[in-house]
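Can you make the complete structure from the sequences, with help from the hints?
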Amino acid sequence: MTREEVIEKVQDIFRNNFDDDEIVLTDETTAADIEDWDSLEQINLLSTIEREFKIKFTVGDVEGLANVGAMIDVIMKKLA
Amino acid sequence: MELYPVDGNYILSNKRAIKKRLLEKGNFLEKKIAILSGTTVGEIKNILELFLLDYGIKPEFLVGDYGRFFEEAVFEQERLKEFGPDVIFVQSGIHNLDLPGAGCSVDEAEKRLETAKGKFSAVWDAAEKLGAVLIQNNFEYPRIRPMGNFDAVDVSGKVRFVAEMNAFVAERARTHRGFYLNDINYLSAWYGLDRWSDPSYYNSYKYQQAPEAIPYLCKSVADIIKSIYGKNQKALMLDLDNTLWGGVIGDDGVEGIAIGTEAPGGIAYLDMQKYAKELTGMGVVLGVVSKNEDKAARSGFDHPSSVLKTDDFAVFLANWNDKAGNIQSAAKMLNIGVDAIVFADDNPAEREIVRAAKTGAEVPELDSPERFAETVARGGYFEVTSLSDDDRRRAEMYKQNAQRAAELSSFADYGQYLDSLEMTGYIKPFTEGALERVTALANKTNQFNLTTKRYTAEEMEERMKSERFITLSGRLEDKFGDNGIVTEIIGDISGDTLDIELWIMSCRVFKRELEYAMFDELVAACKAKGIRKITGSYYRTAKNPIVAEFYGELGFTKTEGDDDHSKWEYTIPDEYVNRNTHMEVKND
Numbered sequence: 001m002t003r004e005e006v007i008e009k010v011q012d013i014f015r016n017n018f019d020d021d022e023i024v025l026t027d028e029t030t031a032a033d034i035e036d037w038d039s040l041e042q043i044n045l046l047s048t049i050e051r052e053f054k055i056k057f058t059v060g061d062v063e064g065l066a067n068v069g070a071m072i073d074v075i076m077k078k079l080a
Numbered sequence: 081m082e083l084y085p086v087d088g089n090y091i092l093s094n095k096r097a098i099k100k101r102l103l104e105k106g107n108f109l110e111k112k113i114a115i116l117s118g119t120t121v122g123e124i125k126n127i128l129e130l131f132l133l134d135y136g137i138k139p140e141f142l143v144g145d146y147g148r149f150f151e152e153a154v155f156e157q158e159r160l161k162e163f164g165p166d167v168i169f170v171q172s173g174i175h176n177l178d179l180p181g182a183g184c185s186v187d188e189a190e191k192r193l194e195t196a197k198g199k200f201s202a203v204w205d206a207a208e209k210l211g212a213v214l215i216q217n218n219f220e221y222p223r224i225r226p227m228g229n230f231d232a233v234d235v236s237g238k239v240r241f242v243a244e245m246n247a248f249v250a251e252r253a254r255t256h257r258g259f260y261l262n263d264i265n266y267l268s269a270w271y272g273l274d275r276w277s278d279p280s281y282y283n284s285y286k287y288q289q290a291p292e293a294i295p296y297l298c299k300s301v302a303d304i305i306k307s308i309y310g311k312n313q314k315a316l317m318l319d320l321d322n323t324l325w326g327g328v329i330g331d332d333g334v335e336g337i338a339i340g341t342e343a344p345g346g347i348a349y350l351d352m353q354k355y356a357k358e359l360t361g362m363g364v365v366l367g368v369v370s371k372n373e374d375k376a377a378r379s380g381f382d383h384p385s386s387v388l389k390t391d392d393f394a395v396f397l398a399n400w401n402d403k404a405g406n407i408q409s410a411a412k413m414l415n416i417g418v419d420a421i422v423f424a425d426d427n428p429a430e431r432e433i434v435r436a437a438k439t440g441a442e443v444p445e446l447d448s449p450e451r452f453a454e455t456v457a458r459g460g461y462f463e464v465t466s467l468s469d470d471d472r473r474r475a476e477m478y479k480q481n482a483q484r485a486a487e488l489s490s491f492a493d494y495g496q497y498l499d500s501l502e503m504t505g506y507i508k509p510f511t512e513g514a515l516e517r518v519t520a521l522a523n524k525t526n527q528f529n530l531t532t533k534r535y536t537a538e539e540m541e542e543r544m545k546s547e548r549f550i551t552l553s554g555r556l557e558d559k560f561g562d563n564g565i566v567t568e569i570i571g572d573i574s575g576d577t578l579d580i581e582l583w584i585m586s587c588r589v590f591k592r593e594l595e596y597a598m599f600d601e602l603v604a605a606c607k608a609k610g611i612r613k614i615t616g617s618y619y620r621t622a623k624n625p626i627v628a629e630f631y632g633e634l635g636f637t638k639t640e641g642d643d644d645h646s647k648w649e650y651t652i653p654d655e656y657v658n659r660n661t662h663m664e665v666k667n668d
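Sequences listed follow chains A and B, in order. Start counting the first sequence at 1; every next residue gets the next number (my numbering). Start counting the second sequence at 81; every next residue gets the next number (my numbering).
These are calculated hints, taken from the structure and not from any lab test. All figures in this text were calculated on a predicted structure; none of them were measured in a lab. Take every hint as true, because none was put in to throw you off.
Simulated restraints, written as ranges between beta carbons of each label pair:
hint, chain 1, residue 1, chain 2, residue 2, range
1, A, Ile55, B, Glu450, 32 to 38 Å
2, B, Lys100, A, Asp73, 30 to 36 Å
3, A, Glu5, B, Glu151, 48 to 54 Å
4, A, Asp38, B, Pro279, 21 to 27 Å
5, B, Asn427, A, Ala66, 53 to 59 Å
6, B, Asp643, A, Glu5, 55 to 61 Å
Mimicking BS3-like on lysine-lysine, the simulated pairs with C-alpha atoms at most 30 Å apart in a straight line are:
hint, chain 1, residue 1, chain 2, residue 2
7, B, Lys357, B, Lys371
8, B, Lys389, B, Lys375
9, A, Lys77, B, Lys286
10, A, Lys54, B, Lys125
11, B, Lys100, A, Lys9
Built from N, CA and C at the ideal position, the CB exists for glycine as well.
Right, dumping it as structure tokens:
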């Protein structure tokens, strides 16, 4: 799966989760850019990503992710 | 019900869109629900909201602070009191227990058990004083059992500790009104203990359930809540061929159908029949809705292995009409809403036709016969929150109703028919022994209900005891049997005026003039207390238009209001003539 494909799939996950088809993710997107993205939603997003990509994060993987780019990097690493 | 079968992944990933869609249904019963936290409540609140909305209940939530269920219930009740919850859900789990372990002395292990029991009891007692319904999770088994099998045996074992606690929670539910057990011990076993929790989610976020398990937890809690508030289904309509037996009775004959233990194929249908039979013991009404000749259809139940007999069905519609229409007829015959019916049919095409007709009936997706019973059972349609003798007899009562309807056609006029029923109404103030029944009835009656006011057990008890209120409950007996307590009135006295805050009657005794007998008794009770005026209100809901003009019919004058809410007034005449003429009334 290419990085672009991963971003697109994650974007779909975000759109469904926040019920907002206008969300466009870039590497620089952070929680500050999406109104309802709080710590609880962070857990929901990560758990949905785990299910959709059939991967499992460790505690260290997802601590202090700075932005969507960092999130995509972790997914790419897990998929590799 | 839109969210059954439960698709956890879909629900978790699309909760906002689902909520938006469910909210469009409108017409909600509003309830205040406090979730007291064992650990992270998190998504539980949001997903529970979806299941409640799906049941027509719109929750307002108060979520307690992290991990403080004990303190907030016992020491810091102000916040709870101010919120005034209808329901308190204690979201605890195994991480809220101070578990013993190998090496722990017997004394120490027993002390821990007593401490845990004492701590939870204090929470439950405090909640009881608040007058709210309490829902308590019991406990799932631990992921790790250091002693292996012996963990369930030894006093220091964790498995044994959990089993003891679960027995303790169940005992409380058996002996206390308004206390309900949410059986996560069963749920986690059924779902798979290994998947029920996810250590990484507990370690990182203190989630006691894996995210994927949360929808199942929430459905279970919602099932309890909707059952308490009278939103259970009441009847199961069953197809016959390949639903209650294998094969086609019209072609194969009674010798040719598969039912019973002789052939492997017959066992699944036997299980389905046993399940349906057991439902009647919980007060669920059974009916047949089948495309068949009536005579052939009935012959199937003559099979020696058939657990169900034609007598078990309150309605028997075996004909060639379309099934959606038959289901609507069945609802009419039983005098229940179509939305109180679950329809079980092995044929996907028939199910789809009934769904498409949008009758409101629930149509679970049945696949293989081996799973018919569990698919219906896990739907929670008939969730039991208490089981009174009345419930056990209810199926029988509906059947008697159908007999009465059959008899009606042979009388010249309706009054003559009523006389022939040889009715006796037993009307008296609420009693301690009837309190559970009158509370349950008040909270689940929707059609003949002028105000749709709901009560906690404590509020009901207060009305029974206080001089400020007049209470009347009515039990109706006739030659076909005893209907149990089916109607009640609560009036609030202020000077020489009585305001009726609740007047309800079960739909199974409509058109028997029991409401007249109740009014006669109410007037007599008022006269005895020097009350001269009776006032009442009508609040419209989706289900109670049948009583919109009820007070007018009794001779009340409308003093104000419109279609949605009206107020009525009645001055008791010096010479009141009883309205009921077809029933003997006794006050015991």
